[in-house]
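Protein chains: 2
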Amino acid sequence: MQHPVFEVFSVPLASWSSSARSLIDVATGRAPADLLVRNGRWVNVHSGEILPGHDVAIVAGRFAAIDPDLSYTIGANTQIIDAAGRYMVPGLCDAHMHVESGMVTVTEFCRAVIPHGTTSMFIDPHEIANVLGIKGVRLMHDEAAAMPVSVYVQAPSCVPSAPGLETPGATISPDDVAEMLSWPNIIGLGEMMNFPGVAANDEKMLAEIAHTQRAGKTVGGHYASPDLGKPFYGYVAGGPADDHEGTRMEDAIARVRLGMRSMLRLGSAWFDVAAQVKAITEAGLDSRNFVLCTDDSHSGTLVNEGHMDRVVRHAIACGLKPITAIQMASLNTATHFGLEREMGSITPGRRADLILTSDLATLPIELVIGQGTVLAENGVLTAPLEPWPYPDFAKNTVRLGRQLTAEAFEIKAPSGRNAVTARVIGVIENQAGTRALERTLPVEDGLVAVDAAQDVCQIALVERHVGSGAVVNALVSGFGYNIDCAVASTVAHDSHQMIVVGTNRDDMALAANRLGEVGGGAIVVSKGKVLALVELPIAGLMSDERAEIVAKKADSLVAAMRQCGCTLNNAFMQHSLLALVVIPELRISDKGLIDVRTFTPTELFV
Amino acid sequence: MQHPVFEVFSVPLASWSSSARSLIDVATGRAPADLLVRNGRWVNVHSGEILPGHDVAIVAGRFAAIDPDLSYTIGANTQIIDAAGRYMVPGLCDAHMHVESGMVTVTEFCRAVIPHGTTSMFIDPHEIANVLGIKGVRLMHDEAAAMPVSVYVQAPSCVPSAPGLETPGATISPDDVAEMLSWPNIIGLGEMMNFPGVAANDEKMLAEIAHTQRAGKTVGGHYASPDLGKPFYGYVAGGPADDHEGTRMEDAIARVRLGMRSMLRLGSAWFDVAAQVKAITEAGLDSRNFVLCTDDSHSGTLVNEGHMDRVVRHAIACGLKPITAIQMASLNTATHFGLEREMGSITPGRRADLILTSDLATLPIELVIGQGTVLAENGVLTAPLEPWPYPDFAKNTVRLGRQLTAEAFEIKAPSGRNAVTARVIGVIENQAGTRALERTLPVEDGLVAVDAAQDVCQIALVERHVGSGAVVNALVSGFGYNIDCAVASTVAHDSHQMIVVGTNRDDMALAANRLGEVGGGAIVVSKGKVLALVELPIAGLMSDERAEIVAKKADSLVAAMRQCGCTLNNAFMQHSLLALVVIPELRISDKGLIDVRTFTPTELFV
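Read top to bottom, the protein sequences are chains A and B.
Using the working numbering, you'd call the opening residue of the first sequence number 136 and step up by one each time.
Using the working numbering, you'd call the opening residue of the second sequence number 136 and step up by one each time.
Certain hints may be false.
Copies of one chain are not kept apart here, so a pair can be met inside one copy or by any two copies together.
What the hints assert, rightly or not - Distance condition first, Cα-Cα at most 35 Å in a straight line; then the derived DSBU-like pairs of lysine-lysine:
no.	residue 1	residue 2
1	K664	K688
2	K456	K664
3	K352	K339
4	K456	K662
5	K352	K687
6	K413	K456
7	K352	K270
8	K456	K352
9	K662	K687
10	K726	K456
11	K530	K365
12	K456	K530
Note that these hints are calculated values from the structure, not bench results.
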């Protein structure tokens with residue numbers, strides 16, 4: 136089964152073997168370098184040394200030679216950069232991340248992070264896969280392959296995340312995984328989130344892992360449980376090669392001891408480095424099997440705080456030696472994905488990805504070279520990078536099937552009751568988990584009424600993939616909305632249906648309809664007026680604008696949520712996770728209210 | 136181009152993905168283990184820790200789980216081994232070696248080294264390739280695949296080693312390499328010995344490297360020069376991923392800094408660990424890119440001193456921490472060859488290769504498990520291992536084309552001379568290099584005479600691959616032969632023609648003819664009598680007997696050489712290297728006398 140439609144638009148860099156003649160000619164002095172970086176401190180991630188006074192010669196986008204004096208590689212057209220004693224650091228790698236979390240395209244993500252020194256990313260486009268399936272993955276795969284930095288793609292493994300409990304816009308089968316593995320830019324299997332399935336010998340999950348192992352590629356892991364006993368052993372025996380879901384030192388230790396790579400994560404809302412890095416700094420484990428990643432970065436984080444430079448700085452601040460932290464964002468990552476001879480160090484033959492910085496601990500990113508070209512200087516992208524066009528089919532994914540009215544959001548009480556006791560999704564501050572609450576609510580005109588005093592408002596799951604017009608209504612507590620308002624989003628992990636939360640049914644209808652008009656995104660409405668809107672027309676997940684614009688709109692969205700009474704730290708993230716039917720205790724899906732303690736649908740009324 | 140004749144006879148172990156269900160079932164307690172090793176000290180090469188009190192459960196030849204108490208994996212048929220607090224060490228890996236150096240088959244090599252704890256070998260059959268070409272490689276490849284331990288094969292890269300200066304029995308082309316890379320048990324390209332060729336952009340060498348890189352496999356290196364400048368840079372830029380030819384600390388450091396793996400070698404006659412390990416113990420380099428290997432082990436070494444256990448012990452004696460030395464013979468090797476998820480550690484999914492030892496520094500090998508089966512205990516192989524039959528075509532490779540007589544070895548002097556000044560190959564004690572000497576020798580009956588006073592005797596290169604009957608005669612100094620005698624060998628690196636050294640032409644003829652009769656080997660003759668004979672019928676390189684028998688015969692061969700006056704330390708090795716036309720200064724080949732300082736043929740008489 137060969138995918139018929141898409142082609143990789145461009146592969147910017149020739150292979151080492153195709154460029155070997157040029158590399159050898161430059162190394163031996165028979166031909167001039169394209170680019171020569173002079174007099175830098177060579178941060179050598181293979182030997183663990185920092186070696187002052189070195190030149191680095193680059194040709195055909197790859198490192199050709201490193202020596203204290205490479206003046207013999209200078210020709211008439213050789214570009215020369217004076218490192219002036221600064222550190223030459225390998226370009227930074229993000230070992231696991233979802234571009235969609237930035238709500239921008241791969242191109243705009245690159246535009247945002249290249250000035251921060253990121254030159255390699257391993258992306259798992261499982262959000263778009265839930266909307267557009269393998270065709271969506273291919274879109275991002277092709278875009279990734281055209282970037283001036285290395286963006287490798289992991290084939291999404293768990294779409295839907297909870298089969299039978301939700302309906303995403305598309306599904307991915309073991310055959311789909313096999314097909315994706317044949318694409319040129321696929322580096323392995325995306326995070327295998329169905330950890331109970333693996334430990335239970337789930338046939339489809341094992342088939343996806345088997346396809347990946349047979350292709351000689353890396354199986355991404357995701358073991359989100361504190362149980363390090365039998366369920367963990369079963370998962371490890373099933374084949375996942377890494378995990379970024381650890382949060383405690385013992386999680387990191389357990390993973391490394393059993394031969395996985397421990398990915399330490401610092402995302403916009405994940406803070407898992409500090410505790411786990413103690414496996415190295417305190418427990419003294421060999422650092423080679425630790426890797427840094429972000430998993431999920433919002434545009435605001437990218438624009439205001441950085442990307443892998445932020446993670447490396449943080450890891451150093453947590454007590455790692457700078458060279459160790461840099462290894463964990465370069466060579467260790469490359470080794471993990473079988474790319475040790477292709478990237479991750481400043482050594483001959485590798486992709487010429489190099490950062491100049493004047494301080495290893497604070498890591499100011501002063502110059503960024505990607506595949507032999509200067510891409511950014513002092514925080515500014517200097518290389519041309521055209522916006523990437525997405526086809527129409529990727530921009531028309533919000534199908535409501537009808538104009539929604541307030542009636543669609545009515546929750547009818549059992550007849551004759553003036554109060555009901557209902558199950559309510561309880562948001563927990565700073566946690567992804569929810570509580571299965573029960574609350575007694577008034578009934579007005581036969582309809583269950585929201586109750587600001589108890590901080591209970593409505594939540595609706597609006598079917599948006601096939602236009603069935605279906606709306607599932609339920610209740611949620613914890614947002615603090617205290618005026619007439621509604622917040623809607625087509626970012627709704629993992630199925631990415633539409634979630635509408637609100638205190639007023641007219642506002643809920645308006646919010647949903649408006650998102651339908653703009654092709655998806657996130658919106659805050661109050662009393663018939665739009666307070667904030669982030670348009671995300673690509674699959675209802677991503678903007679086609681730049682990260683700084685998306686970041687500003689996202690800020691205004693959160694400000695509008697606050698204006699409506701919400702005081703949560705990660706208000707929009709909490710909103711967008713309420714349909715994630717794999718994390719306990721209570722969630723909403725197109726199948727109804729789901730009790731994730733038992734993985735079964737449950738009734739709204741007790 | 137698909138090789139038409141041979142098939143892999145057996146692949147003893149199912150893949151991780153094929154065995155995943157069993158592994159998961161054992162790990163989670165749903166099914167019993169095949170084998171449980173209890174209460175051992177887990178030498179964890181991933182974390183760098185030694186963890187007492189652990190059980191290791193094995194099923195389907197792979198590790199399923201490791202935990203302080205795996206009693207839940209015990210079933211009615213579970214074999215239980217009490218480690219009684221001993222260390223559980225991953226089976227040892229030899230990262231680069233030639234089985235032919237032991238003069239035995241792969242099977243007999245395994246029989247000899249498994250009791251020493253070797254469970255993985257990366258073999259480069261370039262000796263048999265010089266005799267039988269790709270067909271010979273396939274024979275050893277198929278034998279390797281049938282072993283109860285992991286024997287991966289590197290595709291020989293440089294056959295002949297010196298094109299144009301010698302005629303081997305077969306040649307290997309880039310197309311041959313491409314074909315070999317398609318075989319199931321080929322792990323990469325064998326040592327790329329033509330280092331000047333790589334640095335000079337030799338088309339064939341680059342094509343072989345390119346085929347290997349494109350196949351995602353490892354390019355073996357061999358850079359045998361002390362020049363760490365441009366020629367080295369050119370070689371590294373060409374793609375070789377490792378090197379075992381370093382001898383000095385600076386060699387190891389240079390290789391690791393440039394992104395190669397430094398293979399530290401302790402062979403029967405190579406002692407390259409002590410100096411280079413200081414790159415770690417004194418210069419403080421990260422040890423992860425260092426690997427241990429033997430390259431060439433004689434049967435006597437295997438039988439009397441050991442194999443990788445000897446190397447690890449030696450590395451520890453040189454100052455390495457035991458865990459570091461063990462990493463260099465397990466995980467580091469596996470990582471280098473892209474096999475980190477397949478072997479090299481005691482972790483779930485990997486081949487269950489495990490040694491029990493009561494002391495990490497002296498490393499007594501008390502029990503050896505290979506792929507889940509107990510193979511050896513206390514130095515004795517306990518598993519059945521049938522001798523491997525080689526086909527007739529591999530056993531009829533010595534073709535002299537005629538019965539040789541003393542006349543064939545006559546060196547005619549220019550007419551009318553009673554003395555001549557001739558070029559003489561000068562053997563150097565304890566070195567592989569030779570000197571280009573000049574000696575004045577008497578002429579008797581028109582023939583150049585040997586001269587024991589000057590320690591000059593005859594050397595002949597007898598064509599033995601195609602039966603041309605050709606004999607090239609020349610002179611050699613340094614063996615010390617002082618009676619009528621001859622020593623002949625079909626082990627004659629790298630072309631493996633026949634080398635005959637002697638003081639008496641009748642003995643030379645007898646020695647050559649006798650080797651022709653037995654299908655090759657090595658022989659010492661004196662005054663018409665055979666003093667010692669090692670039959671090596673397989674390609675004229677390998678015995679079909681066991682290593683201990685071959686070792687005894689080789690001992691008697693060396694004893695016979697001594698009896699004839701030879702006092703060299705590695706007498707037979709010196710003999711067998713005299714046709715190695717890639718190491719300066721003067722060598723013999725079927726093309727005549729070769730000046731290896733200029734890589735050109737030269738005249739016998741000055």
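Comparing the hints with the structure gives:
1. K664 - K688: within (16 Å within a copy, 98 Å between copies)
2. K456 - K664: neither (53 Å within a copy, 70 Å between copies)
3. K352 - K339: Both, since 18 Å and 30 Å are each at most 35 Å.
4. K456 - K662: For K456 and K662, the Cα distance exceeds 35 Å both inside one copy (55 Å) and across copies (71 Å).
5. K352 - K687: Intra 38 Å, inter 47 Å, cutoff 35 Å: neither.
6. K413 - K456: both (12 Å within a copy, 23 Å between copies)
7. K352 - K270: both (21 Å within a copy, 31 Å between copies)
8. K456 - K352: both (30 Å within a copy, 33 Å between copies)
9. K662 - K687: Intra 23 Å, inter 98 Å, cutoff 35 Å: intra-copy only.
10. K726 - K456: neither (50 Å within a copy, 59 Å between copies)
11. K530 - K365: Neither: 44 Å inside a copy, 54 Å across copies.
12. K456 - K530: neither (46 Å within a copy, 59 Å between copies)
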